[in-house]
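Trainee: Chain by chain, the residues run as shown.
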Amino acid sequence: MTEVLVVFGEGGHAAQMRRLLEVTGLSPTQCIAIVDRDGLSSTVAEAEWVVPPLREKYGLRLASLLARAFVLVGASYQVLRRYRPSAMLSTGPGLCLAPALLCRISGLPVIHIETWSRFRTRSLSGRVMYHLATHFYVQNTQLLQLYPKARYSGRL
Amino acid sequence: MKILVTVGTTEFDWLIRSMDMLARAHPSWDVLSQVGPGSYEPRYHPHVIFEEDLFRRHKDRLVVTHCGAGTVYSLLEEGRQFVAVPNLERSDKHQTELAEYLAEQTLALVAQSTDELETHIKAINDQSFKPHPYVKDPFFRGGEIRRIIDTAARGRNTADGGESPLPK
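Protein chains in written order, with the numbering used here: chain A, 1 to 156; chain B, 157 to 324.
Here chain B stands alone, though its shape is the one from the complex (with noise of 0.2 Å):
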């Protein structure tokens, strides 16, 4: 089984030294991190600090991933499978408000011990997790936000000729 961790722009070291422990206590695992800026060094499986196109390169493998927006968003809209783990290093715990919808929502595992890790890791790999589809309400407010702006830089340029109404 291939496996793809990622904790993306911030230090999630708990995350490393937990899929380090798994990657020793199963060598037929083949376990992959990128672990950012962190400061634990794996020492049973292979790392990098940052790679460009990470998903892309590596479709092969399982994603176990930090649990930020940008990335859990980007795994739903492919339909990618994932168990995604709150960050509770930040110091804002926001992680945990996705996580929650996460599993409320059957969207993704989500593990928040070792222990959990490694239940949800073989559930997505024998296929006995069935997520709920993903289905995104895409932002509709484009057209809208582009026209107050533009209503707004042509009042700006017929009424006071640009000039900054703030004091010199």
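In isolation and in its complexed conformation, chain A is listed as follows (with noise of 0.2 Å):
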């Protein structure tokens, strides 16, 4: 039964949201994945939908940006109509964010771990999540000052 909704992009997100699953002790079976990369959950989700990445490495137009944000929210929709799920868990980036407001709407808990590698600034994703989350963790005691209402979780 799909209990789970992960959300997550390729690298470090993806090392974070495979670390995360392995400590909440969920298995492939209860997860359901949106991913901005082919195969980026093949070991972690029983299936997972890709969406193009948000933000290229190397430079974000605003015209590709909302073209694929489109894309995202209607992915989002039809992930949560087909499998179901009772929760979400995200790692970031940016993909995180239609898909949390789904889940919001439709009365879903949505828990966000911001990432790692952040001391003194706030991702994007962080700023927004720190919202829209039900559950918002933070890795490092040093952002705790920038999102006061985060709850530190200790490192992936």
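A couple of the hints might just be wrong.
What the hints assert, rightly or not - So, partial list: chain B residues that the calculated Cβ filter (under 7 Å) puts toward chain A:
hint: 1; residue: Ala225
hint: 2; residue: His250
hint: 3; residue: Pro287
hint: 4; residue: Tyr290
hint: 5; residue: Asp293
hint: 6; residue: Gly298
hint: 7; residue: Ile305
hint: 8; residue: Arg312
Said to hold, decoys possible - Below are the DSS-like pairs computed for lysine-lysine, each with C-alpha atoms no more than 27 Å apart in a straight line:
hint: 9; chain 1: B; residue 1: Lys158; chain 2: B; residue 2: Lys278
hint: 10; chain 1: B; residue 1: Lys158; chain 2: B; residue 2: Lys215
hint: 11; chain 1: B; residue 1: Lys249; chain 2: A; residue 2: Lys149
hint: 12; chain 1: B; residue 1: Lys158; chain 2: B; residue 2: Lys286
hint: 13; chain 1: B; residue 1: Lys215; chain 2: B; residue 2: Lys292
hint: 14; chain 1: B; residue 1: Lys292; chain 2: A; residue 2: Lys149
None of these hints come from the bench; they were simulated from the model. By construction, the Cβ of each residue, glycine as well, lies at the ideal position given by its N, Cα and C atoms.
Join the two chains into one complex using the hints; note that each chain is given alone, in its own frame.
Mentor: Written out as structure tokens, the structure is:
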């Protein structure tokens, strides 16, 4: 039975999600993933929806960003309707915003872990998820000053 | 001296170029670079694009790495010394925050120029650099998060028979 929608991007975000799923003891049969690259969730979820990455690593163009956001909202809606997860888990980056919004509208808990590479600035997804998520965790104590209502979680 | 250079999954031509210059200047250095999707091909030392179990296969090499958190935390947890080089070619500059943290806590040497690369490599090699031991405060919210999810799943099953609240 699919309980959890897991949302994460490639690179460090994927590495953190893998560690997170290990420590929470969630098995692949309980997870459906939304990711930004093919095969990213192959060891941790029973199925994945691949969306184009919101941000290219070397620039940010508005028109392409809006088009991708649109695709993301559509994909999130379809995943929620088809799989009916009970909760959402994310490690960023920006692709988690649309699914998080739809999950909140549906009354689901949204659990977000801010990335382990931030110490003194907030990521874009962190800034938004701080207000959107029902449970927001930080891995570095320095971030508690920037996110006063966050909970410290230790490092993945 | 044997050195392993790694850039992970993003381009970091500056680092490969610098290490190539150093390899040329130090013929006694045995340098191997993992270059990822980068476009610069080293001329004075061998390279691979990607290799499975890179660190395990080259245990005897001194590590020079981009400042990607996944790699850096793994090396710290292993207790393996390294020179960290923040990748400033990326559009998001968050590798610099981790690099600052490493320098502030004296966990590793951070290089941002070819000169610093050379100095730091030598410092690790002759053991003149004494890092603070890394003590990880491991993630402890796993159980709590699992309970949140399980409670939500149970509530879902009894309350609405699994019907989606989204409009059809």
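Trainee: For every hint, state whether the structure bears it out.
Mentor: Quick rundown of the hints versus the structure:
Hint on Ala225(B) holds. Least Cβ distance to chain A is approximately 4 Å, under the 7 Å limit. Interface hint at His250(B): satisfied, since its Cβ lies 5 Å from the closest Cβ of chain A, which is below the 7 Å cut-off. The interface hint given for Pro287(B) is broken, as the beta carbon of that residue sits about 18 Å from the closest beta carbon of chain A, more than 7 Å. About 10 Å separates the beta-carbon of Tyr290(B) from the nearest beta-carbon of chain A, more than 7 Å, and the hint is not met.
A least Cβ separation of about 5 Å between Asp293(B) and chain A falls short of the 7 Å threshold, and the interface hint therefore holds. Because the beta carbon of Gly298(B) sits about 4 Å from the nearest beta carbon in chain A, less than 7 Å, this interface hint is met. Interface hint status for Ile305(B): upheld, as the beta-carbon distance to the closest one in chain A is roughly 5 Å, under 7 Å. Given the 7 Å rule on beta carbons, the hint for Arg312(B) holds: about 5 Å separates it from the nearest Cβ of chain A.
Between the alpha carbons of Lys158(B) and Lys278(B) the distance comes to roughly 11 Å, so the proposed pair stays at or under 27 Å and holds. As the CA atoms of Lys158(B) and Lys215(B) are separated by approximately 10 Å, the hinted pair is consistent with the 27 Å bound. Proximity of Lys249(B) to Lys149(A) is assessed by CA-CA distance (about 25 Å); at most 27 Å being required, the pair is judged to hold. Proposed proximity of Lys158(B) and Lys286(B) is supported: the alpha carbons are some 20 Å apart, at most 27 Å.
Restraint check: the Cα-Cα separation between Lys215(B) and Lys292(B) comes to about 22 Å, which is no more than 27 Å; the hinted pair holds. Distance restraint check for Lys292(B) and Lys149(A): the Cα-Cα separation of roughly 23 Å lies within the 27 Å cut-off, and the hinted pair is therefore satisfied.
Checked against the numbered hints above, the structure breaks hints 3, 4 and satisfies the rest.
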